[in-house]
Structures are given as structure tokens and as C-alpha cells.
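Asker: Be aware that the first sequence starts at 0, since it is given in numbering that gives the first Met the number 0, and climbs by one per residue.
Don't read these hints as lab results, they were simulated from the structure.
Treat each hint with caution, since some may be false.
Claimed, not checked - Below, in silico cross-link-like pairs of lysine-lysine (DSBU-like), each with a Cα-Cα straight-line distance of 35 Å or less:
{"no.": "1", "residue 1": "Lys478", "residue 2": "Lys144"}
{"no.": "2", "residue 1": "Lys89", "residue 2": "Lys415"}
{"no.": "3", "residue 1": "Lys249", "residue 2": "Lys455"}
{"no.": "4", "residue 1": "Lys478", "residue 2": "Lys263"}
{"no.": "5", "residue 1": "Lys144", "residue 2": "Lys89"}
{"no.": "6", "residue 1": "Lys313", "residue 2": "Lys263"}
{"no.": "7", "residue 1": "Lys89", "residue 2": "Lys263"}
{"no.": "8", "residue 1": "Lys313", "residue 2": "Lys369"}
{"no.": "9", "residue 1": "Lys263", "residue 2": "Lys133"}
{"no.": "10", "residue 1": "Lys415", "residue 2": "Lys386"}
{"no.": "11", "residue 1": "Lys3", "residue 2": "Lys23"}
{"no.": "12", "residue 1": "Lys308", "residue 2": "Lys191"}
{"no.": "13", "residue 1": "Lys313", "residue 2": "Lys386"}
{"no.": "14", "residue 1": "Lys418", "residue 2": "Lys369"}
{"no.": "15", "residue 1": "Lys23", "residue 2": "Lys463"}
{"no.": "16", "residue 1": "Lys89", "residue 2": "Lys249"}
{"no.": "17", "residue 1": "Lys40", "residue 2": "Lys133"}
{"no.": "18", "residue 1": "Lys249", "residue 2": "Lys40"}
{"no.": "19", "residue 1": "Lys263", "residue 2": "Lys23"}
{"no.": "20", "residue 1": "Lys418", "residue 2": "Lys308"}
{"no.": "21", "residue 1": "Lys3", "residue 2": "Lys40"}
{"no.": "22", "residue 1": "Lys191", "residue 2": "Lys482"}
{"no.": "23", "residue 1": "Lys369", "residue 2": "Lys415"}
{"no.": "24", "residue 1": "Lys133", "residue 2": "Lys249"}
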Amino acid sequence: MAPKTAITPTRSENYAEWYQQVVKAADLAEVSPVRGCMVIKPWGCALWENIHRVLDGMFQETGHENAYFPLFIPISFLQSEADHVDGFAKECAVVTHHRLTMNSEGKLVPDGLLEEPLIVRPTSETIIGATYAKWVQSYRDLPIKINQWANVVRWEMRPRVFLRTAEFLWQEGHTAHATEAEAREETHTMLKTYERFARDYMAMPVVCGEKPSGERFPGAVATYSIEAMMQDRKALQAGTSHFLGQNFAKAQGIKFQDRDTQEKFAWTTSWGVSTRLIGALIMTHSDDNGLVLPPRLAPKHVAIVPIYKNDAEKEGVIQYANRIRSLLMAERYEGETIRVTIDDRDMRFGDRAWYQVKHGVPLRVEVGPKEVEAGTATVFRRNTLAKENMTVEQLVATAATQLQTIQRELFETAEKFLKANSVRVQTRDELLAFLGDSDEGSMENGGFAYAHFCDKPEMYEWLKQHRLTVRCAPLDEPKTPGKCVFSGEDTDTVGVFAKSY
RNA sequence: CGGGAUGUAGCUCAGCUUGGCUAGAGCGCUUGGUUUGGGACCAAGAAGUCGCAGGUUCGAAUCCUGUCAUCCCGACCA
Numbered sequence: 000m001a002p003k004t005a006i007t008p009t010r011s012e013n014y015a016e017w018y019q020q021v022v023k024a025a026d027l028a029e030v031s032p033v034r035g036c037m038v039i040k041p042w043g044c045a046l047w048e049n050i051h052r053v054l055d056g057m058f059q060e061t062g063h064e065n066a067y068f069p070l071f072i073p074i075s076f077l078q079s080e081a082d083h084v085d086g087f088a089k090e091c092a093v094v095t096h097h098r099l100t101m102n103s104e105g106k107l108v109p110d111g112l113l114e115e116p117l118i119v120r121p122t123s124e125t126i127i128g129a130t131y132a133k134w135v136q137s138y139r140d141l142p143i144k145i146n147q148w149a150n151v152v153r154w155e156m157r158p159r160v161f162l163r164t165a166e167f168l169w170q171e172g173h174t175a176h177a178t179e180a181e182a183r184e185e186t187h188t189m190l191k192t193y194e195r196f197a198r199d200y201m202a203m204p205v206v207c208g209e210k211p212s213g214e215r216f217p218g219a220v221a222t223y224s225i226e227a228m229m230q231d232r233k234a235l236q237a238g239t240s241h242f243l244g245q246n247f248a249k250a251q252g253i254k255f256q257d258r259d260t261q262e263k264f265a266w267t268t269s270w271g272v273s274t275r276l277i278g279a280l281i282m283t284h285s286d287d288n289g290l291v292l293p294p295r296l297a298p299k300h301v302a303i304v305p306i307y308k309n310d311a312e313k314e315g316v317i318q319y320a321n322r323i324r325s326l327l328m329a330e331r332y333e334g335e336t337i338r339v340t341i342d343d344r345d346m347r348f349g350d351r352a353w354y355q356v357k358h359g360v361p362l363r364v365e366v367g368p369k370e371v372e373a374g375t376a377t378v379f380r381r382n383t384l385a386k387e388n389m390t391v392e393q394l395v396a397t398a399a400t401q402l403q404t405i406q407r408e409l410f411e412t413a414e415k416f417l418k419a420n421s422v423r424v425q426t427r428d429e430l431l432a433f434l435g436d437s438d439e440g441s442m443e444n445g446g447f448a449y450a451h452f453c454d455k456p457e458m459y460e461w462l463k464q465h466r467l468t469v470r471c472a473p474l475d476e477p478k479t480p481g482k483c484v485f486s487g488e489d490t491d492t493v494g495v496f497a498k499s500y
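Assemble the whole structure, with the sequences as input and the hints as a guide.
Answerer: Following this line, the structure appears as C-alpha cells:
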């Protein structure tokens with residue numbers, strides 16, 4: 000007897016376990032033999048490639064170019080920026096040798112000690128900064144606006160697939176500018192780019208804001224982030240954009256001679272999103288039957304699942320399915336070809352149908368002898384689980400619209416959820432009552448609490464005690480006079496507080 | 001890096017307390033058959049150096065030591 004839902008346990012039964020099961024059921028990734036590292040499987044990789052492709056286009060549009068910098072960074076580079084060291088030293092993989100030799104017991108052991116150990120990049124500010132320093136002499140050499148797609152390593156103690164792995168894929172943009180204003184504008188532009196990507200492609204509403212001091216990127220003057228709310232009402236930082244001021248320019252020696260003949264340090268920025276976005280996608284839209292994908296990022300938009308009893312029926316049905324595929328692929332959705340697959344694997348219909356459900360394909364088209372005879376198709380919509388029979392002509396004519404509808408519905412549902420679970424609080428007790436301080440994966444409370452705050456150490460202490468975090472000070476929040484809910488002091492800054500990943 | 005738990009077939013686990021014949025189950029897989037419009041059924045079959053390395057013993061999945069890995073809870077983080 001099959002369970003009522005494709006995923007066990009359900010979200011309400013055990014959210015953390017549900018997440019892992021969705022990843023598994025959708026064949027997105029699996030844990031690897033290497034501690035903390037994951038194998039990204041074809042379906043997950045196709046999803047990341049779509050994210051990559053769309054974002055890359057956005058970066059090009061905003062005047063960035065791709066380049067590639069080394070995986071290894073000399074320790075001395077990391078050391079040059081004091082805060083940066085504090086932030087990353089604890090989680091660096093270190094390369095100390097450059098060859099292996101066989102010992103007397105026949106085991107391979109490291110040999111050839113390096114004079115200066117190398118770290119595997121946890122991020123590339125330092126090595127890119129050192130390179131920029133060579134490239135920049137004159138104000139005419141600025142700005143430099145470069146992005147790289149790469150893997151990075153942060154030796155995490157508690158990995159979770161896509162959300163926190165020792166190695167992950169990301170893009171990191173690094174720019175250098177002649178003026179502070181220009182660098183600040185760049186920081187803002189990229190934050191907005193991430194917001195647009197989250198909203199328009201991931202169908203994921205986010206809160207854009209500046210990180211308070213305690214959450215700032217090590218070495219940055221200001222850090223901005225997009226914060227998304229997962230279905231367990233915890234916050235997930237989905238993207239960051241940093242204004243680095245002249246900190247790294249000074250550390251790495253990025254200086255130039257300006258129009259006024261004075262030698263000046265450049266102003267730099269960095270910004271990135273990672274494979275964590277896949278985790279965000281999963282926890283924003285998926286349900287107890289598995290993955291739900293927004294059409295704009297789905298590796299396949301439509302899965303045609305043929306139904307037949309025997310070889311005689313199969314021939315006609317497959318032919319029919321192929322014809323529908325051709326017709327659909329001639330249609331355009333958001334300026335692209337509709338991506339269609341036919342699932343005619345040697346499996347029972349039910350198995351193939353559930354497979355597509357669990358993989359989150361937005362539309363499933365069932366065709367069997369009945370449909371062939373009537374010239375129709377049975378269309379199943381992943382997000383609503385609704386089934387509808389229509390003529391092939393109708394299907395072809397409405398496919399793009401249906402995908403648009405799904406994309407819109409996913410966003411609307413997520414936005415409604417975000418709004419329904421956001422409140423404004425006036426006191427610390429209200430904050431605690433709303434968020435709760437038990438963190439046992441309970442779904443009972445949580446959400447985004449907006450409160451006045453003044454960013455003092457005692458706030459962080461209190462938050463830590465209750466396992467809560469300050470996510471950001473939203474940019475669209477008007478500055479209004481109020482009292483800090485922690486210290487009682489006057490402040491005009493409002494922050495978003497939440498449990499977080 | 002601290003506290004706790006767990007490593008036995010591809011997966012989930014039983015067996016370990018009290019050492020003893022050829023190490024088990026369910027799911028999955030293979031083959032044959034019956035089925036077939038939402039997760040089938042019957043039958044047969046393949047599959048495990050019991051995480052790894054030592055030790056105790058006539059004998060170790062079982063006891064001891066070490067080690068590695070995974071999960072949960074803390075500290076840390078995109």
C-alpha cells in the first residue's frame with residue numbers, strides 16, 4: 000500500500016527529514032564519500048545550469064565579464080586583511096604538500112612539504128585583489144567588473160545538502176571602482192539583480208536589506224543580502240552583495256593615479272550566490288509529494304507520459320506523443336523553446352507519473368489510447384495537482400500560458416506565506432512569543448519579526464541565548480523614530496528577526 | 001572542535017545484552033508468468049570480507065582498544 004504522500008515524512012511531521020527526502024526523491028544530489036561534499040546529480044545539475052545561464056546573462060547586461068582565478072591562495076594573501084582572516088581562518092582547507100610517496104607499509108603518504116602552504120579558496124577577494132593591483136595604474140583602468148563561476152571550500156562542521164556543504168558552486172563578482180559612489184551603486188545594482196532573479200525566475204519573494212554589524216562579511220564596510228522565508232518560517236540568506244570600501248584595496252595595494260594626479264586606493268565590491276539557491280528553491284515551493292519547480296528554471300517544462308497495455312497500443316501512443324512533443328517544442332515560453340521530454344521508460348504508468356511529480360516537472364501530459372482516439376491529452380499541473388482533459392490544439396495553444404500561470408501562482412503563494420508570517424513587534428517579549436525559542440525543528444512558531452533595534456553587543460547576546468538572529472535592516476523600510484526593543488534607546492532603524500539556516 | 005547516537009545485502013533495519021552450525025527480514029534488483037488509465041500480484045533467483053585496523057578466545061557481527069564515517073544537539077557559516 001502506497002503512502003498518501005510521495006514524501007515521508009511530511010513537512011509537518013519532520014521538516015528537516017522531509018527536505019532530505021525531497022532531495023533524494025527528485026534525484027538532485029546525494030552525499031559523497033568525501034565528508035561534507037555532495038554529488039550533484041543530472042537533474043540538480045540541470046537546475047543549477049539554468050540558474051547559471053540566466054544569472055550570467057544578467058551579469059553581462061550589467062557590464063560584467065567572466066574570468067577565472069586560481070583555486071589555491073597563498074596563506075600570506077589571506078593574512079593581509081585582518082577581519083577577513085578572523086572570518087575564514089577557522090574553516091580553511093590547507094594544502095601543505097605537493098606529492099605522495101609510498102611508505103614502508105605500502106601506504107601513500109604526503110611528501111614534498113610546500114615552503115608556503117596554500118589554502119583552497121573559501122572566497123577570492125584576496126587573490127583577485129592582488130591581481131587587480133597589477134592591472135590598475137590609472138583611473139582609466141577603472142572600473143574593473145569581473146565575475147567568476149567557481150567552486151569554493153569552507154570546512155563546515157555540520158553540512159546539509161545544498162544549504163551548507165564543504166564544497167559548493169557559486170559565482171563571485173569582484174569589482175573595483177575609482178569612487179566610493181560608484182562602488183556603492185554597484186553593490187546596490189547587484190543586490191537588486193539578485194532580488195529580480197529570485198522574484199522573476201525562482202518565484203521567491205525576498206527581503207532586501209543591509210546586514211547589521213554582527214552579520215557582516217569579514218572585511219566588508221557594508222553587507223547587503225536577500226533573505227527568503229522557507230516553509231518552516233526560518234530565514235535563508237539567498238544572496239549577498241558587499242561594499243568593501245577601501246579595505247581590500249589597501250590590503251592588496253589596488254591603487255591608481257586619479258585625474259587630479261593624486262595616488263588613491265580603489266573602492267571594491269564583491270557579490271555572490273551559490274548552490275544554496277537550490278535549497279532555497281526546494282524549501283520555498285516543494286510539497287509533501289516532492290519537488291515543485293518554477294517553470295522558468297525547470298530543466299523540463301513538460302513530461303509526456305504515454306500509457307499503453309501492449310506493443311500494438313504502444314506504437315500508436317508513442318507516435319501520438321512524439322507529435323505532441325513536436326508541436327509543443329515549436330511553441331515559445333518566455334522567449335525560449337518549451338522543454339519537453341517523453342517518459343516511455345519500461346515502467347508502470349503509476350511509477351512514471353509519480354516520478355515526474357517527485358521531480359517537480361510543471362506539466363505532465365498523459366496520453367493513452369483514449370486520448371489518441373479523441374485527439375486529446377490529459378494535462379496534470381504539478382503545483383495544484385489538478386488534472387484536465389483538453390484537445391491537443393488547446394494544449395499547444397495554452398501551454399506557454401499555463402507555464403506562466405504556474406510561475407505566477409508559485410510566487411503568489413510564496414508571497415502570501417511571507418506576508419502572513421511577518422509581523423511588527425514592539426517589545427522583546429513579543430519578539431520571543433512570535434518566534435519562540437525552541438529550535439527542535441518545530442513548525443509551531445517562526446516567521447519574520449520587524450522591530451526597532453540599535454545594533455549593540457547586548458542584542459547579539461540576547462539573540463544567541465534564544466537561538467534567534469537579526470537578518471537585515473530592510474532597505475524599503477522607512478526610517479521612523481522608535482525605541483530599540485533590546486536596549487530601549489532611541490533608534491530609527493528597523494530590523495528583521497528570525498530563526499535562520 | 002565539545003556532548004550523544006549509529007555503522008550488518010543497493011536501501012531500511014533485526015541479530016550483539018549472555019561469543020558457538022551454512023548471518024536474517026522487508027523494500028529494491030534479475031528471470032518467468034498474471035496484470036495494467038495513479039505507487040500491482042505470484043513464483044524462482046542473484047546479492048553481505050557484518051565500517052576499517054588491531055587485540056582477547058578453540059571460536060568474534062557479538063567482548064576490548066584504536067580509527068574512520070554518518071546523523072542529532074551545541075560553537076561556526078553562503
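Asker: Taking the hints in turn, state whether each one holds.
Answerer: Hints and how they fare:
no. : hint            : verdict
1   : Lys478 / Lys144 : holds, 32 Å
2   : Lys89 / Lys415  : violated, 39 Å
3   : Lys249 / Lys455 : holds, 28 Å
4   : Lys478 / Lys263 : holds, 34 Å
5   : Lys144 / Lys89  : holds, 29 Å
6   : Lys313 / Lys263 : violated, 73 Å
7   : Lys89 / Lys263  : holds, 33 Å
8   : Lys313 / Lys369 : holds, 12 Å
9   : Lys263 / Lys133 : holds, 15 Å
10  : Lys415 / Lys386 : holds, 24 Å
11  : Lys3 / Lys23    : holds, 18 Å
12  : Lys308 / Lys191 : violated, 53 Å
13  : Lys313 / Lys386 : holds, 23 Å
14  : Lys418 / Lys369 : violated, 45 Å
15  : Lys23 / Lys463  : holds, 32 Å
16  : Lys89 / Lys249  : holds, 23 Å
17  : Lys40 / Lys133  : violated, 40 Å
18  : Lys249 / Lys40  : violated, 42 Å
19  : Lys263 / Lys23  : violated, 53 Å
20  : Lys418 / Lys308 : violated, 49 Å
21  : Lys3 / Lys40    : holds, 27 Å
22  : Lys191 / Lys482 : holds, 29 Å
23  : Lys369 / Lys415 : violated, 39 Å
24  : Lys133 / Lys249 : holds, 13 Å
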